[in-house]
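For the protein sequence lines, the chains are H and B, in the order given.
Start counting the first sequence at 1; every next residue gets the next number (my numbering).
Start counting the second sequence at 1; every next residue gets the next number (my numbering).
No lab work stands behind these hints, which were simulated from the structure alone.
Note that CB positions come from ideal geometry on N, CA and C, so glycine has one too.
Among the clues, some could well be false.
[What the hints assert, rightly or not] Derived, one-sided and incomplete: chain B residues facing chain H with beta-carbon distance under 10 Å: (1) Pro155; (2) Asp158; (3) Arg159; (4) Asp169; (5) Cys173; (6) Leu220; (7) Trp224; (8) Asp226; (9) Thr233.
There are 2 protein chains.
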Amino acid sequence: MTYCLAITLDAGLVLTSDSRTNAGIDQVSTYSKMTRFETHADRCLVLLSAGNLATTQFVVEQIHRDIHESQARNLNTLSYLSDTADYIGEILSSRIRRYSENEASGFAPEATLLLAGQIQGGPPQAYMIYPQGNHITSSKETPYLQIGESKYGKPVLDRFIRPDTSLLDAATCSLISMDSTMQSNVSVGPPIEVLMYKKDSYDISTHYRFGVEHPYLIELRKAWGDKLRQAFTEMPRFSEQ
Amino acid sequence: MTYCLAITLDAGLVLTSDSRTNAGIDQVSTYSKMTRFETHADRCLVLLSAGNLATTQFVVEQIHRDIHESQARNLNTLSYLSDTADYIGEILSSRIRRYSENEASGFAPEATLLLAGQIQGGPPQAYMIYPQGNHITSSKETPYLQIGESKYGKPVLDRFIRPDTSLLDAATCSLISMDSTMQSNVSVGPPIEVLMYKKDSYDISTHYRFGVEHPYLIELRKAWGDKLRQAFTEMPRFSEQ
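Looking at chain H on its own, in the form it has when it is part of the complex (with noise of 0.2 Å):
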């Protein structure tokens, strides 16, 4: 399982990742699910997945090819973030379809991805691309979009992520975010990789990657479930009243 997260917010963007890969319950691995291309500089796009790691793998290779390969369409001439979303999600949509044809029970090859990023004339975006290559992208009311194992981690957001929330206080929220996830799925771990992108900076080199014995993060997770507790003992006492 994963769990990703991208963060949209006035300043910019908050995009979070887990690194846990898993298939089948006893085959679990260490992959990162969060790639920054290079692209020119009028342009800054990261990609996250979730799903099936050999679909995601073929998209991202594929993404790389078609740059190098100097196709028409690609990842630096594209216009807009939505016609990129478009442009990846026909690359995943058709990649799944290949394996769909021939599916044995329980293999399951779809994927869902989370491109996010800023074209020069538009603001920092993000966008959920589905197993069909259908897109949708964040609102004012919903500034975020998730992943993968989602539910868990979903309550903190609702409570603290608004437009105006700075890119800091967002990169805390979606660790806590992350640190709720992990605490109730085991398939969701870390390295964890966040990546903080200031509006028309063009520059996504703010990547930080957390490990399980991080400083940080064994921090935040005690200080968090202290003041958890503490609230939880302050508590109105259950009264039928």
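Go by the hints and put chain B onto chain H.
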């Protein structure tokens, strides 16, 4: 959708359920999902249900009939809670099979149940009964069972519920878990029912029903939200150190 929860503690049981039922997105109704059975004084039995309403209504009706028609095997004649879960599982799975055969596209007769209670000679226990009729019980490490929309409300249970948690604290925690779920999924909704059962009392009358405007529910939601917001502002600031 539905969210039901059975917590098994040293002190007894806490059972919590919502009341929202939907057939499709636009046919939403209110049904209690908690059934307290009138049985002999040496036992107390409560059923929580999630899934197809026609299926769960049939199961409850059949259990009542078996008692009144004095079938050899009914809630009053079985000596163990696990046998009772077997018995209910058979009613459940045979009813589901009947409709699975002519299954229309998108139609799902499946349902999942939580049986909780105590039969003299045994401890208070809870069983989750699957659509196939088999069942699991809780453990010291995971002293609760959930059915329906279980993920949003799980992190708070993982943090606070231990076997030695008091009935009142567990009831408060179950309402916070329910509230987190309602905030993230509109298909789970009030009234919320809570039943507290004290070990060896064989009394299931300590039952509460919280409507959407119930002062305690509002107070608890506000207090929890305020404390979480305060906790979030006090978190160690995001850092790569």
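State the violated hints by number, sorted upward, taking the hints as numbered earlier in the document. none
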